[in-house]
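A.B. asks: Please model the complete structure; the sequences and the hints are all you need to start from.
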Amino acid sequence: EPEVTQTPSHQVTQMGQEVILRCVPISNHLYFYWYRQILGQKVEFLVSFYNNEISEKSEIFDDQFSVERPDGSNFTLKIRSTKLEDSAMYFCASSDDGNSGANVLTFGAGSRLTVL
Amino acid sequence: AQSVTQLGSHVSVSEGALVLLRCNYSSSVPPYLFWYVQYPNQGLQLLLKYTSAATLVKGINGFEAEFKKSETSFHLTKPSAHMRDAAEYFCAVSDQAGGFKTIFGAGTRLFVKA
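Taken in order, these protein sequences are the chains called A and B. Each step along the first sequence adds one to the number in my numbering, with nothing skipped, and position 46 is 46. Each step along the second sequence adds one to the number in my numbering, with nothing skipped, and position 37 is 153.
The reader is advised that the hints may include incorrect statements.
Unchecked claim - With a straight-line Cα cutoff of 27 Å, these simulated DSS-like cross-link-like pairs (lysine-lysine) come out:
#1 K42/A <-> K174/B
#2 K78/A <-> K42/A
#3 K217/B <-> K42/A
#4 K184/B <-> K174/B
#5 K83/A <-> K57/A
#6 K57/A <-> K217/B
#7 K217/B <-> K78/A
#8 K184/B <-> K57/A
#9 K83/A <-> K185/B
#10 K83/A <-> K42/A
#11 K165/B <-> K217/B
#12 K174/B <-> K78/A
#13 K185/B <-> K165/B
#14 K42/A <-> K165/B
#15 K217/B <-> K185/B
#16 K174/B <-> K229/B
#17 K78/A <-> K57/A
#18 K57/A <-> K165/B
#19 K184/B <-> K165/B
#20 K217/B <-> K184/B
By construction, these hints were calculated from the structure, which means they are not laboratory data.
C.D. replies: Following this line, the structure appears as structure tokens:
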């Protein structure tokens, strides 16, 4: 069964360092997403991406965050200068229909980011 | 804006007992509602979805959920819990007003006792 893969599964970094989280979405999906979950809190929407551009982003997704689809298969989330409050589990998801209510997301297993 | 509230961060049931996980939503337009499940070290997986057809929706692994507009609820049930049902369950909502962006609740962790 096709799956979304994420790397790394866990990353520890120092505050102020840049972090890149990588995702390989399902190959025939066209819509891509990043969500995050701070321990014990909600799964929060960060950004959606379609046709090589951001289609929507939340207020969490400030100038420190960026996304890219560099090579047609990978979908990356970059945090330029990490803060303590960026510590969370980051989930990548993809779907083949992001423009209807029946949109079903396929998630990766997540990347746990710990900022010290 | 749409939102979801899941009542109870932890629910514990005995094997064979009824499972009831509560979810209430807020949406200004007809919602689409989902339950996702997350097993340890895995991503979220779709259990079931409501898309304005039948109000009682059946999903995988014997789970079902009923859409009640008057109560703005979409509670998840299973008649008889099994040990393998132990996982975290997320209720989610999307609607046209929100650009079909999926918004998740905080999750409910289900424990199943032998």
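A.B. asks: Please go over all the hints and tell whether each is borne out by the structure.
C.D. replies: Consistency of the hints with the structure:
no.	hint	in the structure
1	K42/A <-> K174/B	holds, 25 Å
2	K78/A <-> K42/A	holds, 21 Å
3	K217/B <-> K42/A	holds, 15 Å
4	K184/B <-> K174/B	holds, 15 Å
5	K83/A <-> K57/A	holds, 19 Å
6	K57/A <-> K217/B	holds, 10 Å
7	K217/B <-> K78/A	holds, 21 Å
8	K184/B <-> K57/A	violated, 30 Å
9	K83/A <-> K185/B	violated, 41 Å
10	K83/A <-> K42/A	holds, 19 Å
11	K165/B <-> K217/B	holds, 15 Å
12	K174/B <-> K78/A	violated, 39 Å
13	K185/B <-> K165/B	holds, 15 Å
14	K42/A <-> K165/B	holds, 19 Å
15	K217/B <-> K185/B	holds, 20 Å
16	K174/B <-> K229/B	holds, 24 Å
17	K78/A <-> K57/A	holds, 14 Å
18	K57/A <-> K165/B	holds, 24 Å
19	K184/B <-> K165/B	holds, 14 Å
20	K217/B <-> K184/B	holds, 22 Å
Hint violations for this structure: numbers 8, 9 and 12, all remaining hints satisfied.
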